[in-house]
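**Student:** Given the sequences, and given the hints that come with them, work out the whole structure.
Spelled out from the first residue to the last, the chains are:
Number of protein chains: 2
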Amino acid sequence: MHELDKLFKSAKKSYDAENNPLDALLKISKHCLKKLSNETTTRRQGNIGTKQYWVYESGDGISRPYLKSLFISSESNFTRRWKLLIANINADGHKIDSTENEIDAVLYTASMAFSICYDIWKSTSRKTPGTYLEVLLGSIMGKILSDYQRTKHIPLPIESQDENDESVSTDIVFEKTNDNGEIFGLVIPVKITTRERIVQPFAHQRILDSVFGFNRFHSILICISEMQLDKKNNKVNEICVPGTVRLFQKYLSILSGIYYLDPPTRYLQKDVTDIIKVGSVGKMLNAILPEIL
Amino acid sequence: MHELDKLFKSAKKSYDAENNPLDALLKISKHCLKKLSNETTTRRQGNIGTKQYWVYESGDGISRPYLKSLFISSESNFTRRWKLLIANINADGHKIDSTENEIDAVLYTASMAFSICYDIWKSTSRKTPGTYLEVLLGSIMGKILSDYQRTKHIPLPIESQDENDESVSTDIVFEKTNDNGEIFGLVIPVKITTRERIVQPFAHQRILDSVFGFNRFHSILICISEMQLDKKNNKVNEICVPGTVRLFQKYLSILSGIYYLDPPTRYLQKDVTDIIKVGSVGKMLNAILPEIL
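From first to last, the protein sequence lines stand for chains P and B. Numbering that gives the first Met the number 0 numbers the first residue of the first sequence as 0 and each following residue consecutively. Numbering that gives the first Met the number 0 numbers the first residue of the second sequence as 0 and each following residue consecutively.
No lab work stands behind these hints, which were simulated from the structure alone. Certain hints may be false.
Copies of the same chain are indistinguishable here, so a pair counts whether it falls within one copy or spans any two.
[Claimed, not checked] Taking lysine-lysine and the DSSO-like style, the derived pairs with C-alpha atoms no more than 30 Å apart in a straight line are: (1) 11 with 142; (2) 126 with 231; (3) 175 with 151; (4) 12 with 126; (5) 231 with 11; (6) 26 with 121; (7) 12 with 231; (8) 231 with 5; (9) 234 with 8; (10) 234 with 82; (11) 151 with 269; (12) 151 with 8; (13) 8 with 231; (14) 276 with 26.
**Tutor:** Okay, structure coming up:
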C-alpha cells in the first residue's frame, strides 16, 4: 500500500495545484486492479433485487460490496475503456460522448477499485477513499468544464468592515464570472454514500440562495451508491431515506439533481423522481450537464 | 455493566411511554458514581485556558475528558443536590429555581457519569450516551413544561391525497395547540457534541419556517460541550466552528439559542454572540426558557 499511497499523494498534489491529473489517476486504477487480481479472492455477498453484490477478500481483510455487473476487473480491459472515455470528453459540448453505462462502468471501477484496496489493506484511513472520489470526479469534470474555474470555496459578500471573511465550502465548485462581475456556477458535493450527510448539500444550496438569490449557483450531488456491507448478517444493505430527500427538496432548497454511479432502485421510483431528479452519473455527464449550465 | 444496561432500558421504556422517570435517572447516576468511585482512577488529561479536564481510567479503558470543577464525584453529595434541583422545578414559571451553576453541575454530572461508564466498560455502544442525554433532558424539561405535550415528530400538513405522510423528526419536541387548532412549540435537538451535525438543527428550523411560517416553532440546541479526547497527543481539544455557526444563523435559519452544560469559551466571544445566543443550560433553564415560550 506504500506504493498506492505515494501514487495518490502525487495525484492529489497535482489536483490541488489546479491540474486534472488523468494519467496519474489511470496509473492508480491499474495499480489497484493488478493488486486485487494478484492478491485477493472474490465471492458473492448478497443481492438487492436482481443486482448481485460481491466482495474482495484477502486474509482478514474484506472490502465493501461492489456491483459485479458494473465493475471492470480486468486491468487491460479497464485501461482501454478509460482511454476511450477520456478521448470522448467533449469540452465544447460540456459532456462525454460515451454511452451512459460506459461512463458509469469506468468511473465506478476507478473509484471502487481504490476504495476496495483501502478497505482491505488500510482500513484505518477512513477518509482517503472519499478524497480520491473527489479528485477523480473533479479531474474528469475539470476536463469537461475546461472553461470554468475549479475551486472549493464560494466567498460571500462582506457586509461590513468588522466582519470576518465568510465562505461556503464544499467538495467541488466550477465557477465563472458574468459581464456584471458576478460569480455563478455549479456546486458539486461528492459522497461515497450519503447517510445523515444528505442534509449538507441542501443546506449549502439554501445559503447560496439566501446570499446570492436563486439561479446563480446550482447544486448537483454525486455519489457512488447507498450500499453497505452488513458483516453481522453476512449480507448487503441499501440505506435509502426517500421521505427525508423529498422533505429537503420541498422545504429546504432545490438541488438540480442527485446522481449515482450505482443508483439505488428506491430513489428511481415515482414518489421520489416526481420531486427531485435522480439518475446515473453517466446520464448526467452525457446528456444532462449541458442543460444545467 | 449488565446492571447499568438494565437500569437504563427500564428508564428508557418509561420515558418512551411519556413519563418523566426522574427516580430511575437518579438510580442510574448513583450506580455510575459508585462504580466510578470503586473501580477507577482519575488523572488530569489537559487544560483549555484555565479549565482543567480529567479522565477516568480502568484497565485499558479511558473515558472522555470531563471538567473537574463541574463534576460532582461524590455519590451522596450528588444525590442531595439532585433532589434539591428536582424540588426547585417551578412548573408554573417554566423554570428551575436553582442557580445557573448548580443546574449545570447536577445535569453535567448526571450525563457525564453515564457517558464515562460507557466509554470505559462498553465503548462499542457508541450511541447509548446520546440516547441517555436525550432521556435525561427530556425528563427534566418534561417536568418544567408539564403543560406541553412531549413528542419527537412534527407532522407536516398533507398537500394532496397521493402524498405520503411527512414529518420533521428530532430529539425532543414540546408542543401545544392554540385556539385555531394550530400546533406550536419548542424543538430541542440534543447532542453530546455537535461536530458536522451542527447543520441539522438549522436545517430543521428552516423546514419548519417554510412549512408553518415563522414563530410557530422555535429551536434550541442543547449540548454537553465541544470537548474531545486527543489520545495520540495525550491532551484535550475543543473543536469550535464559529464561522460555520455564524453562517448558518445568518443565512440558513434562526435558532433561539445554543446552550451547553460546559460552554466553549470560543462561542462566548462577541463575534459569535452578536449573531446567535450562546450560554449555559443552567441559565437557559433558570431564566431564558420562560422568555422563549
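**Student:** Hint by hint, note whether the structure agrees.
**Tutor:** Structure-based check of each hint:
1. In this assembly of identical chains, residue 11 and residue 142 lie within 30 Å of each other by CA distance solely inside one copy; the values are 16 Å within and 55 Å between copies.
2. Taking the shortest Cα distances, residue 126 and residue 231 sit within 30 Å of each other both inside one copy (23 Å) and across copies (18 Å).
3. Taking the shortest Cα distances, residue 175 and residue 151 sit within 30 Å of each other inside one copy (13 Å), while across copies they are farther apart (44 Å).
4. When the C-alpha separation of residue 12 and residue 126 is checked against a cutoff of 30 Å, the pair qualifies only within one copy, where the shortest distance is 16 Å, while the shortest distance between copies is 37 Å.
5. Only between protomers do residue 231 and residue 11 lie at most 30 Å apart by alpha-carbon distance; the minimum there is 26 Å, versus 35 Å within a single protomer.
6. For a Cα distance limit of 30 Å, the shortest separation of residue 26 from residue 121 inside one copy, 19 Å, qualifies, whereas the shortest one across copies, 44 Å, does not.
7. Only between protomers do residue 12 and residue 231 lie at most 30 Å apart by alpha-carbon distance; the minimum there is 26 Å, versus 38 Å within a single protomer.
8. For a Cα distance limit of 30 Å, the shortest separation of residue 231 from residue 5 across copies, 24 Å, qualifies, whereas the shortest one inside one copy, 34 Å, does not.
9. Taking the shortest Cα distances, residue 234 and residue 8 sit within 30 Å of each other only across copies (29 Å), while inside one copy they are farther apart (34 Å).
10. With identical chains, the CA atoms of residue 234 and residue 82 are never at most 30 Å apart, being 35 Å at best within one copy and 49 Å at best between copies.
11. Taking identical chains as interchangeable, the C-alpha atoms of residue 151 and residue 269 lie at most 30 Å apart only when they sit on different chains, with a minimum of 28 Å there against 33 Å within one chain.
12. Within a single copy, residue 151 and residue 8 get their C-alpha atoms as close as 18 Å, which meets the 30 Å cut-off; across copies the closest is 45 Å, which misses it.
13. When the C-alpha separation of residue 8 and residue 231 is checked against a cutoff of 30 Å, the pair qualifies only between copies, where the shortest distance is 23 Å, while the shortest distance within a copy is 34 Å.
14. Taking CA atoms no more than 30 Å apart as the test, residue 276 paired with residue 26 passes in neither setting, with 34 Å inside one copy and 52 Å between copies.
Hints 10 and 14 from the earlier list are contradicted by this structure; the remaining hints agree with it.
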